[in-house]
Amino acid sequence: MKDSGLVVVLGATSAIAQAYARRRAAAGARFVLAGRREERLNVVAADLLARGAASAEPLKMDLSASGEIERAVETIHARFGPPQEIVVAYGILGEQAAFERDLAAARAALEVNFTSVALWLLAFLKRRDAAQPLTAIVIGSVAGDRGRRTNFIYGAAKGGLDIFVQGLAHAYAGTPVRFVMVKPGFVDTPMTAAFVKGGPLWSSPDRVAADIERAVRRGARVVYTPWFWRPIMAVIRRLPWFVFRRLKI
Amino acid sequence: MDQNTSQRQQVYAWGRLQPRGHVIVPASFADEMVAAIRASDQRPLLCRGLGRSYGDVALNGDGYLLDTARADHFLAADWEAGVVRAEAGLSLDALLRACVPRGWFLPATPGTKFVTLGGAVANDVHGKNQESTGTIGCHVRRICLARSTGEMLDLSAGEPLFAATIGGLGLTGVIVWVELSLLPIRSATMQVETLAMAGLDDFFRLSTESADWPYTVSWVDSLARGPALGRGLFIRGRHAETGALAAHGAPRFTVPHAASYLLNRGTISLFNFFYRTRPWVTGRTIMHYDRFFYPLDSLSDWNRLYGGRGFFQHQSVVPMKNAPETVRSLLELSAERGEPSFLAVLKVLGDRASPGLLSFPKSGVTLALDLANRGEGTRRLLDRMADLVVAAGGRLYPAKDATMSGEAFRAGYPAWRELEQHRDPAIMSDFWRRVTADAA
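Taken in order, these protein sequences are the chains called C and A. Position 143 of the first sequence, counting from 1, maps to 143 under the numbering used here, and the rest follow consecutively. Position 312 of the second sequence, counting from 1, maps to 312 under the numbering used here, and the rest follow consecutively.
FYI, nobody ran anything at the bench for these hints, they're computed from the structure. Heads up, some of the hints might be wrong.
[Claimed, not checked] Far from chain C, by Cβ distances over 10 Å, these chain A residues were calculated:
id, residue
1, 17
2, 74
3, 97
4, 388
[As the list claims (entries may be wrong)] So the derived label-pair ranges between C-beta atoms look like this:
id, chain 1, residue 1, chain 2, residue 2, range
5, C, 230, A, 417, 26 to 34 Å
6, A, 387, C, 213, 36 to 44 Å
7, C, 231, A, 198, 55 to 63 Å
8, A, 299, C, 234, 30 to 38 Å
9, C, 234, A, 242, 49 to 57 Å
[As the list claims (entries may be wrong)] Listed below are several chain A residues computed to face chain C (Cβ distance under 10 Å; list not exhaustive):
id, residue
10, 26
11, 29
12, 70
13, 76
14, 77
15, 101
16, 274
Positions of the beta carbon are idealized from the N, C-alpha and C atoms, including for glycine.
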């Protein structure tokens with residue numbers, strides 16, 4: 001079909017990544033699907049092929065294993081050529097209280113959600129040929145906009161990622177490399193299985209995916225999804241401390 | 001954010017009559033569906049897809065509900081032959097988006113595309129082409145069924161458990177995936193002809209005169225009485241030969257939560273009047289399949305229109321020889337009770353047998369009508385209607401039903417004991433409890 005660009009999805013079994021990949025598959029994209037669970041990667045690959053993907057190759061690996069990232073990027077280039085798009089969609093939400101009790105878990109969450117993602121981006125950019133256009137889509141979170149008592153470990157990692165991607169966008173201004181920082185609010189996915197859902201603030205993976213697609217098309221650098229999180233977070237960021245400190249959010 | 005899923009959640013069926021508490025077990029991939037039926041601490045279990053069943057076939061009060069709607073992957077698709085295999089949670093909506101641009105359509109489809117493949121098979125759904133093409137079960141090639149014993153069965157036609165699973169109300173195990181044959185089309189549009197019916201006689205006449213139209217259905221003004229009884233519109237269609245293969249778009253409107261009691265006798269008579277008498281209504285036209293098959297899908301959450309107490313649907317089938325008389329009595333009953341029905345639909349069903357053991361359609365005439373819940377009076381009316389149907393040798397559709405007696409069910413579905421024998425002991429539904437509890 002029309003679009004056979006290579007899309008590398010890190011965390012390909014995540015609900016948001018799948019919803020986005022399905023949209024790209026309908027246009028005929030090629031995929032490398034990286035993640036831990038091979039059986040599920042195969043299912044996602046079959047699904048994308050049925051929906052029109054030109055190819056879909058599972059790549060089983062531990063995405064947070066920082067030592068293997070450069071080699072993996074090399075393998076992807078060697079086997080499939082340069083990616084047109086990278087989607088970073090893996091992460092751990094975890095539970096704030098558990099992180100505060102178990103420092104190993106806190107460290108893992110910080111490394112998975114921030115360090116490894118940063119290294120993946122650096123590795124792809126390092127390996128990239130100068131003229132090659134590339135779009136990096138990074139799934140952040142509204143939790144990264146202001147530290148809050150209920151999830152500041154996760155929030156700090158996502159907030160750090162926000163700064164990191166900001167810096168990359170600055171560094172690559174004027175090149176064909178583009179960055180899209182996606183900041184979803186509450187999305188009804190397996191990651192949020194522990195919450196009782198429903199209500200106007202909850203969104204679906206497909207709605208988020210549609211927003212990402214639009215942001216990529218328009219060249220937006222930061223996309224809040226759904227849109228109403230932008231004003232909500234603008235207010236939360238600006239709340240004066242004497243108000244904010246009383247909030248149980 | 002300290003809510004937790006281990007608490008019970010109140011779940012409504014489509015009729016929104018009475019929510020019941022369930023523990024929800026979400027599944028995003030087939031392996032999670034299999035794990036759920038094997039877990040001995042999640043019983044009794046029942047699969048639930050997109051929640052379009054009206055009554056209680058997809059409720060399992062105080063038990064576990066396996067939410068399959070996220071396990072929606074295609075596992076294989078042969079777009080040359082028109083055969084797809086997909087996890088049970090794939091919606092017909094998503095299937096159409098994928099298959100229509102490639103020149104394929106659902107071989108049978110209910111009046112909404114927001115049902116899952118698993119739910120469609122478990123209720124052996126039919127559509128406006130039932131006479132020529134049968135139910136969806138007629139087009140299922142294979143089913144993968146996970147049982148609480150740990151077995152994973154790959155079932156196909158001829159096997160007793162295959163027959164029990166089609167129309168088996170989800171009771172025989174967890175349907176993990178389904179392999180379905182699709183119908184070739186050349187266009188996403190439909191040739192449609194709409195004709196006025198002055199009464200029931202017109203319905204029977206037009207039904208026999210429409211043999212070369214694979215899709216037929218008629219809409220009846222349920223408030224009409226006396227000689228006007230059965231007046232309405234007869235609609236017949238076929239896939240157009242030319243036109244783009246463009247899939248449908250997204251729903252356009254949502255009914256707000258506050259829309260209680262928008263439907264009452266006054267608004268419904270007004271609607272029925274305008275729907276029937278708009279001058280452009282009759283004649284031939286070309287329309288997209290979405291408008292032809294799924295007119296209500298453009299209105300999200302339309303079930304809220306019936307207000308806080310919810311609504312019932314009566315859908316029955318009566319053998320042809322008793323149909324004129326019984327359908328007349330059913331329409332008279334509902335009209336004289338003054339229970340307004342927004343949607344009253346009549347259709348002739350053919351004799352193409354489904355492999356399903358407890359499939360609803362059989363040769364005759366089916367009538368479907370919605371009734372707002374007005375309490376005991378509505379239930380009494382539904383009972384009287386069910387009595388008429390059973391006396392005429394007919395039966396009611398479990399996917400729509402919330403009130404039929406065990407006796408009425410068992411009279412309509414004498415094969416129910418066979419299904420009970422094939423039922424996975426880890427699975428139960430409120431419907432099955434209701435209609436089998438008083439069996440000898």
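Checked hints:
With a cut of 10 Å on Cβ distances, residue 17/A stays outside the contact zone with chain C, its closest approach being about 19 Å. The non-interface label for residue 74/A is inconsistent with chain C: the shortest C-beta to C-beta separation is roughly 3 Å, within 10 Å. Not every beta carbon of chain C lies more than 10 Å from that of residue 97/A, the smallest distance being close to 8 Å; the non-interface claim is violated. In this structure residue 388/A is separated from chain C by more than 10 Å, as the shortest Cβ-Cβ distance comes to about 40 Å.
A hinted range of 26 to 34 Å for the beta carbons of residue 230/C and residue 417/A is inconsistent with their spacing of about 60 Å. Under the hint 36 to 44 Å, the C-beta atoms of residue 387/A and residue 213/C, about 55 Å apart, miss the expected range. At roughly 57 Å, the beta-carbon separation of residue 231/C and residue 198/A lies within the given 55 to 63 Å, and the hint holds. The hint said 30 to 38 Å for the Cβ distance between residue 299/A and residue 234/C, and at roughly 34 Å that hint holds.
Taking the beta carbon of each, residue 234/C and residue 242/A are about 52 Å apart, inside 49 to 57 Å as hinted. Because the smallest distance between the Cβ of residue 26/A and any Cβ of chain C comes to about 6 Å, under 10 Å, the interface hint for this residue holds. A least Cβ separation of about 5 Å between residue 29/A and chain C falls short of the 10 Å threshold, and the interface hint therefore holds. Contact between residue 70/A and chain C, as hinted, is supported at the beta carbon level, the nearest pair being about 7 Å apart and thus within 10 Å.
Because the closest C-beta pair between residue 76/A and chain C is about 6 Å apart, less than 10 Å, the hint holds. Against a cut-off of 10 Å between C-beta atoms, the interface hint on residue 77/A holds, since the closest Cβ of chain C lies about 3 Å away. Given hint, residue 101/A at the interface with chain C, holds; its Cβ is 8 Å from that chain's nearest Cβ, closer than 10 Å. Hint status for residue 274/A relative to chain C: violated, with the closest Cβ pair at about 33 Å, above 10 Å.
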